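So the chains spell out like this:
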Amino acid sequence: MSKKLVEVKNLKQYFNVGGSILKPKYVKAVDNVSLFINKGETLGLVGESGCGKTTLGRTILRLYEPTGGQIFYDGKDITKVDMLPYRRKMQIVFQDPYASLDPRMTVGDIVGEAIDIHKLAKNKNERRDIIISLLERVGLNSEHANRYPHEFSGGQRQRIGIARALAVNPEFIVCDEPVSALDVSIQAQIINMFEELQEEMGLTYLFIAHDLSVVKHISQRIGVMYLGKLVELAESFELIFHSAHPYTKSLISAIPVADPISARSSKRIVLEGDVPSPLNPPSGCRFRTRCPYATDICAEKEPELREISSGHYTACHHFDKI
Amino acid sequence: MSNKKKNLLSFQLDVSDFLPANEEEKQSLVVMRESVSFWRDGLRRFRKNKIGMISLVVIILIMIFAFVLPEFYPYSYEQQIRGSENLAPMQYSEEELARIAAGEKVFPHFLGTDLLGRDQTVRLMMGTRISLIVGIVASVLVLLIGSFYGTIAGYFGGKVDLVMMRIVDIIYTVPDILIIILLMVTLKYPLKNLAETNPSFAWIDTIGVGLICIFIVFCLLYWVGMARIVRSQILSIKEQEFVTAAKALGASHSRIIRKHLLTNVMGTLIVTTTLQIPSSIFTESFLSFIGIGVAAPMPSLGSMASLAIDGIYSYPYRLLAPAIMISLIILSFNLLGDALRDAFDPKLKN
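Quick note, the sequences are listed as chains A and B, same order. The opening position of the first sequence corresponds to residue 3 in our numbering, with each subsequent residue numbered one higher. The opening position of the second sequence corresponds to residue -2 in our numbering, with each subsequent residue numbered one higher.
Keep in mind the hints are simulated off the structure, nothing from the lab. Careful: at least some of the hints might be erroneous.
To be verified - Straight line, CA to CA, 35 Å or less: simulated DSBU-like cross-link-like pairs of lysine-lysine:
id	chain 1	residue 1	chain 2	residue 2
1	A	Lys14	B	Lys256
2	A	Lys27	B	Lys45
3	A	Lys78	B	Lys156
4	B	Lys235	A	Lys14
5	B	Lys256	A	Lys91
6	B	Lys256	A	Lys126
7	A	Lys30	B	Lys47
Computed from a predicted model, the values in this text were never measured in an experiment.
Isolated chain B, as found in the complex (with noise of 0.2 Å):
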């Protein structure tokens, strides 16, 4: 057949091309795709997402400045320097200027100081440190407490889910700047008590009585945004078919839970908890604002703020600081928390 010369305008066609294919060209025609789980999936969506990205590196950026940098700066954020209060931004004081003229080296305060003569540069770093801290604490509890509370709301369903969800209508319904100033003042003295007689406890001094109230209040009221999202979540997903052919195999309600509806409420939880850290850095500073988070003298980006505040006729420039920090943290983890809903959540994307 392929011998004879065809001639070019002929519509005779060529049998061998209708041939059925053989193994070989079968398995050639399979295109191999590398297999691609979610995480992976979810992660190559948020590599494009290129707010996403710049977020989280504004947010490596402030973690390294708040982390690393106060360990490698000469000055501490309790130090007074005699003779330097009140400075503005890169200036000296006289006793500095005396030194600098003598030939020696002098680390400039870049922000100024405060009115005891402190670092506002290496304040702001350990204010920032200090609101990273008790975000992201704080979320974590938040997630803990409230994904067990939902999960087991969500799925045991019925009765118990009706009296749970009840609960959390109430608490929901607590104001929470109330609970916190009730708790500062029963457990101001005995914790207090507790960290000097018990060396133990020695860290509550440290932190301060009022982040201990600003954590208990996040365990206390906060998880119940938290609890409702994952119930909903629980609610949809149990009804699905693989968690019917789960339960046919045999597997107990802790399997299902955990391999089968934790696994598929993941993305959703990473995402509302990298939302929850913004809004539990917003409290904090604005507790410490109103003079009831952190104990002195440990800055927080709030009570920095809230020092400036006395100030602000004759020195405006302190405040801009902590609030361009405070914006700048809360606005980078929103930008992150809506790339990680997009690239791990897409149904949540309107």
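The following block holds chain A by itself, in its conformation from the complex (with noise of 0.2 Å):
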């Protein structure tokens, strides 16, 4: 079980957003992140909005070009190489179902594409009977197969994305926020379905949301992103009951309880500030402008991630005393 499957080096996902020639301006949207993920496990990606995450998920699969750092899949560094025989092993579920169908395709063509491109149905007949059987693994019949995406709901649409992200018979698959557009009851179908499907394909997930609460419900380990940084990576139960960063800390006190009188008992930390801009970070650590632990040491140095205990890694100088 503990034979990495992917595994990123330092890796930096750089925009440009204007400046002049000489003098360009880039928003880090991910910097010098290393991290990987086993066969067969779930990795949570968690942070909020613009921090980097559906960035650094895209960038693995390299539907953008890394700026620098390497990308190793199955132990070979896929980086620079062509990535049509990968495409085949690595796929990815969007967060919006409404973008991300094709509005002028049906369902079928949609989700056989995949057998197109790769060339993997000898006839026509085998190509339908191939995206039948993967209609119906996630849910939906034969029948839809012939309608547009426009007739189905958010939760349908969310299926089909599966679906043509399983035609290909993948790996590994980054899900990036499969599930913060749905509604709370499809989420826990959808979940519930990603989870069925992993145990019998033996899929790999990297599982991108901002809700921590669905994401240690699937994950086996979970990764804290801030401002393009890496900041904390453990296992789930370790991560949740003994987080070492101050970030994850506050992350994890938002997390509503379901029960009113442990919820009353318990401190909500609250972060003061914003985030700042990613296209002007500050020195040192890059959470020390909000947290409440700062001190010098932080404006001057960045923190490095570091294993504070078994598979248990933290980016923060004081985590020993928080």
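Got two chains here, separate frames each, mind docking them using the hints?
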């Protein structure tokens, strides 16, 4: 189980947002992120909007060309290679089920696109059979194949998006906030489906979300991002109950508790101020402007991600005092 | 429960009303509506649009008038009828009157004849035919070049886009009339030579050097508007997630452009092309009017109007027919374009 399937080392993704040719301005959407995902596990990735979760997920799939760093898949460096063979192994499910399906294509063609690209079917009948089996696998039926995306509800569209990702029989799927656009009852259905598919097909997930309660349910390990940096990475239980980074602590304190008595007694850590602009991040530790524990060293030196106990990584100068 | 006689005023509820629905009942509630594709949906909206349908019918009638009727007409557009010069509408020449008196049947000149004795009605038909051909062919040329150029610029973006769009800006500033006159002057003799020496190019003479120059100018200059529209559409569509999804599936650039981008701008392409037709017709008529369009004896609506201007004091009615025809064609194509836009591109509608 502990074989690394996907690994990124010092991954950087900067976006040029103008400025002059001599002095271009960059948004450091992902800055020096290193992590690995074991085969068959689900790595959750949380953080607030604009912290670079989605960018990280898409850069791992080389949908954006990385500015720096390396991406390994199954031990092979795929940072510079032709991605076509890897497109059959790595797939993505998108956040917005309304924008991620081509409105001019039937559901059958959307799901079958991968079959056409990778020539997975010998003839039309086989193509049709594959499409129907995919649709049935995600809880739709064969009659839906001739319909258009606008005829479906949000949850059904997300199922179509999942069927499209499954069409190539992938090993690794980036789930880019697949449930945030759905209402809670549908969220549960889709998450359960992800878990069933993982069991059936031995999938590995990178599960991106901004909702910690969803992520802690589905993932074995969780990574927390803040302003393009990975600030903490640990096993789910460890992260929830022994978080070492002040940002993670405040996130966890914000998870709503279903029990009003214990909710009353729990204290919420409210962060001061706003997220600094990623165009001009603070020096040293990026979280220091909002951190209640910040000292001088936080402004001078950027904390490195280090292992504080087995499998628990954090990037904070003061983790032992918190 | 149901056997018990229920008091009419009782609020007691019937438990059987609250049982969960079984599979059969669920199925009966699923409303099966026929799946509607984008095109059928658009056509349905278009059929509901009265103005659009009327202009479509008018265009079809004009096309029959221009392409079918001349084949059955007793006069031809270049035939000069001796003695029938400068006739008023429905007027017969003395010779024709004599033939009628002799019991012969003579087809009337509905719109009279011109100063060379050519029947105006059939010339109007041929002129309309030329104008329509020019309008449609030029628009298709503009569509092909403009959408190709715009798609490349919009899809690849960045520096490619920057350079390509600056070229468009430069072309936009070139005065078209100047280019047409320049081309006419420089191409006239080479093309004529080609037509005379090489029999497979004999068609150049029938079409006329002027018309070829007009087509060349449309190919050179007029596609820029189309290119800009297509580029801006592609720019917004390529950022959508379904394009990213196609990339993640490993789709090639050409596949993304063909299957995802072009299908999604198709509505705009149709609308813009339809609206390009009247403007091409107008340009052609205008050029023929100032004398650099089609070659005589081939009539065009513009050259007919131009001829009519020469005799405006004696025969003012001669200007009416081509002028009305130009207005009718342009108006109905514009209205058709508007209706198509409402039907296929509802986002553009304000």
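Here is what the structure says about each hint:
| no. | hint | result |
| --- | --- | --- |
| 1 | A:Lys14 - B:Lys256 | 32 Å, holds |
| 2 | A:Lys27 - B:Lys45 | 52 Å, violated |
| 3 | A:Lys78 - B:Lys156 | 33 Å, holds |
| 4 | B:Lys235 - A:Lys14 | 24 Å, holds |
| 5 | B:Lys256 - A:Lys91 | 23 Å, holds |
| 6 | B:Lys256 - A:Lys126 | 18 Å, holds |
| 7 | A:Lys30 - B:Lys47 | 55 Å, violated |
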